[in-house]
Amino acid sequence: MTAALATPATSPARRIVGGLVKTRELGIILALVALVVYTAASNPRFLSGQSIRDILLNTAILAVMAAGQAVVVITRNIDLSVGSVLGLSAFTVASMMSANPGLPMVAALAVGLAVGGVAGLLNGVLVRYGRVPALVVTLGTLYMFRGVTYSWAGGQQVNADELPRHFLTFANDSILGIPWLVLIALVVVGGVSLLMRNYRVGRELYAMGSSPQAAELAGIKVARNLLGAFIVSGALAGLAGVLFAARFGTVDAAAGTGLELNVVAAVVVGGVAVFGGSGTVWGAGLGALLLTVIGSSLTVLDIDQFWQQAIIGALIILAICADRLVAVRIARSLRKKDSHV
Amino acid sequence: MAATPDKSRPSPALLEVRDVTKSFGAVAAVQGVSFSLFPGEAHALVGENGAGKSTIVKMLAGVHRPDTGSLAVSGTEADFAGPADAKAAGIAVIYQEPTLFPDLSVAENIAMGNQPLTRLRQIDRKAMHSNATRLFARLGVHIDPDRPARGLSIADQQLVEIAKALSSEAHVLIMDEPTAALSGVEVDRLFAVTRALRDEGAAIMFISHRFEEITALCQRITIMRDGKHVCTELVADLSVDDMIRRMVGRDLSTLFPKQDTEAGETVLEVEGLGREGVFRDISFTVRAGEIVALAGLVGAGRSEVMQAVFGVDKYDTGSVRFLGKPLKAGSPRAAMAAGMALVPEDRRQQGLVMELSVERNVTLPRSRALARLGLLFGAAERREATTWTQQLQTKLGRLSDPVGTLSGGNQQKVVLAKWLATNPKLLIVDEPTRGIDVGTKAEVHRLMSSLAARGLAVVMVSSELPEVLGMADRIIVLREGHVAAQLTRAEATEESVMYAAMGQQVTP
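Keeping their order, the protein sequence lines are chains F and G.
Everything in the first sequence is counted per this note's numbering, starting at 1 for the first residue and increasing by one.
Everything in the second sequence is counted per this note's numbering, starting at 1 for the first residue and increasing by one.
Watch out, some of these pointers could steer you wrong.
What the hints assert, rightly or not - Derived CB-CB ranges, DEER-like:
(1) F:Ala223 - G:Ser74: 48 to 58 Å
(2) F:Gly191 - G:Arg119: 16 to 26 Å
(3) G:Thr21 - F:Val118: 28 to 38 Å
(4) F:Val33 - G:Ser130: 35 to 45 Å
(5) F:Val33 - G:Val278: 42 to 52 Å
(6) G:Arg119 - F:Pro104: 26 to 36 Å
In short, the hints are calculated from the structure, not lab data.
From the three backbone atoms N, C-alpha and C, an ideal C-beta is built for every residue, glycine too.
Please construct the entire structure, taking both the sequences and the accompanying hints into account.
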C-alpha cells in the first residue's frame, strides 16, 4: 500500500500534488497579470495611479465580503444574505451618522460590524438548530433583511450632504499612500487567512466542511464553530456596508442588491471548493481582485457590459472545472503512488 | 497507551460499563449490560446484528447517553455529554467506516483537536509533522504525513485512526469491526499493532464477526443477544460452537444447509472468456438447480469474471451463452432481460438506494413491468414487496421505511428480494454473507438452497471457505485470473480448495 511512500522515489509525486494544489492561486495570479498586461498594452492609462486606485477601492468592499463568504463556504455552507446585510448595515450606519454627525468613524464601524454580526447569528442559528440547509435559510433571510431595510427606509434615502465630512472622506483618506478602505480589506483578508490557516478553530472549520459526520465524532464543537462562521460572514458584510456608505455617500434601501452573487463568484473563482474543506481565504480575495480587474479592463477596452457578465459566468464554470480536474489528477497521482507496492 | 502499566499494583478497570440501558422510542437497544475493560486486555464484544453492540460503542464514544446505569473511567463515574468528553477521558473509537477528513493532510488528521501550538497559539506545523512521523515509526508503518487523507486504503485509514488514538493518549481503544474490509496481510499488520498497544497497557475492545480473529487476539469475550448481556468469559474457556450457541441462543448444526438437487438443463455457458490483464481463458457451465461457487484469494479475478458475464465490464475474448443463446457482451440490460440477476458485493453502494423505502427498492428493477400506462401505483408496489419480504423473512418495521434503517443482514435480504422479484433464471451473488451475523447468514444460505431446489441456477462468489464447501455443488477455484481447479462437492475439502487457490499441488 504505502510502503513506497517512505522511499525518496515517491517525493516527486508528492511535489506534483503540492504543486497542483498551489496552482489554483497561481492560476489566478497568472490570469490577472495577463489581463493587466493586455489591457495596459492597448490603453496605457489603465496603469495610471488613479485607475489602479479605483480598482483597489472597488475590490476592497468585495474582498471583505469574500473573506467572510469563504469561511462559510469552507464549512460546506453558503451565505446568500450578504448583499442584504450590506444594505441593512449601510442604511443603519448612514441614518445614524446623519442624525449624530459628531460620532467618530470607529463608532460607525462598530455598529456596522454589530448589525452584520447579529444578522449572521440569526443565519447560523436557523441553519444549525432549524436543521435547514444554508442555501434555503440565507435565501430566506436575503429577502427578509432586504424587506426590513425597505420598510424602515420607506422610500427615503440618505444623501451625501446629510453625512458628516469625516465619514465621507474616510473612503478616500490614505495612510502612507494606501487608502483606508484598501488597508481594511488587506487586514481583513490577511487576518482571516491567518485564522483559517494557523489556528485550531480554522482547521476545525476545514474539517467540518471536509466531513461533517467525522467532525461531530471527533468532538469538534460544531455548533459553536458554525455560528462563528456565519457571524464572521455577517459581520464582514456589515463592515462592508459601512465602507459602502462612506465610499458612495448616497444610501438607499436597495444598496448592495445582487452583490451576493458577485461575492460567491469571487470565492469560487478564488479556488474555494463549493463542497467545502478546501481553498484559501486569500485565494477568495484574489478572486475578488480578478473580478474587479475584469470589470475595469472591459470598460477600458470598450467592450459591452453584457460581455462582462458572460465572461464572469464563464470564469465561474472554468473555476469549477479546474477544481474537478485538479481533484481527478490528484486522485490519479495518489493511486499511482499506491500501486508502487 | 499513555505510559507503561504499573505492574506492582493490582490494576483497576480502565473502563466499566455498569448496568446500562438505552432505548430508542419503543425499541430497547441495550438492557442492563455490564462489563469492564482492564489494562493490557483485548476484550471481544460479539453478538448478532442488532444485538446492541453498536449502541454500546456509541455510548462509550459519547454519542449516546445511557438512559439508566453509568460508565466509569478508572473507577470514577463519568458522564459524557459528547464525543469530546469521551475523548478527554482517554477513549478512542475506531469506527467500521473510518472517519477521517479527506481534504486535510494525514498529519492534520492525527493532530485534530490537540494540535501542538506555538507561543502565539498558532499551530506548530513542524511539530505536528514530526509527531505524525514518530507515531508511524512506533506503529511500524509508512504513510506520508503530508499527503491528504483522501485516497488512502481502508487499512491505512485505520492505521491513521490508531495513530490519532495514540496521539490523544487514549488508554481505551474501541474497534468496531475493523477487519471487515481488510485483506489477510492488512489484518495481520493491524493485529501486530493492536497487540503491541495491548502489551503496553491499553485496554482494547474488539468487535468482530470472525471467530478466528477473536481467538487470535482477545483474552476475554462478552456476548450479547437482543440487547442483553449473555456472558463474559475467558476466550480460552469457550469453543467457537459455544460462542455461536450463546450468540444465537440455539444450535446451528444446520449452518450450511444445501439440499441435494437434480441438476437440470444448462443455463450458462462461459467459453474461453478473457480480459487483458485481468483474467484469461475462463470456461465453465452452470445448470439449473445448481449452486456453483467461485472461490479463490482476494484479487484472483472472481468478481471481475462475473461482472464481465453480466455485462457490467467488457471482455476481449471468448463468449457467453445463456439458455442456449449467445448473450450480448457489455450490456447489463440484455443480461437482465434474458433472465440474469446480479447481487453485488457492496450492497450499500451498488445494490440499494438507502434513502428510498423498502418497497421502492424491491420493485426498482421491475418498475416498468408494474406500471400501468406509465404510472407506478403504490398498491402494486406494496403487493409485490410484501410477497418477497415475507418469503425472505425480512425483519422490518414498515415497507415504507427507508432501507438505510434496516440492519445489514436485512438489507442483504432486500437486495435479494429486489432481484428475485424479476424471476431470474440465473442468480449471481457476490459475497452473499459478508458483514452479516451468524443467524442471518444461515437464513441466507437456507434461502439460496431452496431457490436452487426450485430450479434456479446460482453462481456464488465467496471468500468464506466453510460457506463455499457447505453450499456449492461445484467449486471453481480461480488463481491469478485463470481457472486453477474445478472441484465437485465430493472432491472439495478446505485443503484442496486452498491448495488450488494458492497454486500448490493437491496432495491426496
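Check your understanding: Does the Cβ distance between Val33 of chain F and Val278 of chain G fall inside 42 to 52 Å?
Key -> 48 Å, holds
Review point. Range hint 16 to 26 Å: satisfied by the CB atoms of Gly191 of chain F and Arg119 of chain G?
Key: 19 Å, holds
Review point. Should the hint that Arg119 of chain G and Pro104 of chain F are 26 to 36 Å apart at their CB atoms be regarded as holding?
Key: 34 Å, holds
Exercise for review: Given the range 35 to 45 Å, decide if the beta-carbon distance of Val33 of chain F to Ser130 of chain G lies inside it.
Suggested key: Given about 38 Å between the Cβ atoms, the range holds.
Practice item. Please test the hint of 48 to 58 Å on the beta carbon pair from Ala223 of chain F and Ser74 of chain G. Key: 30 Å, violated
Review point. CB of Thr21 of chain G to CB of Val118 of chain F, is that within 28 to 38 Å?
Key: Given about 43 Å between the Cβ atoms, the range is violated.
Checked against the numbered hints listed earlier, the structure breaks hints 1 and 3; every other hint is satisfied.
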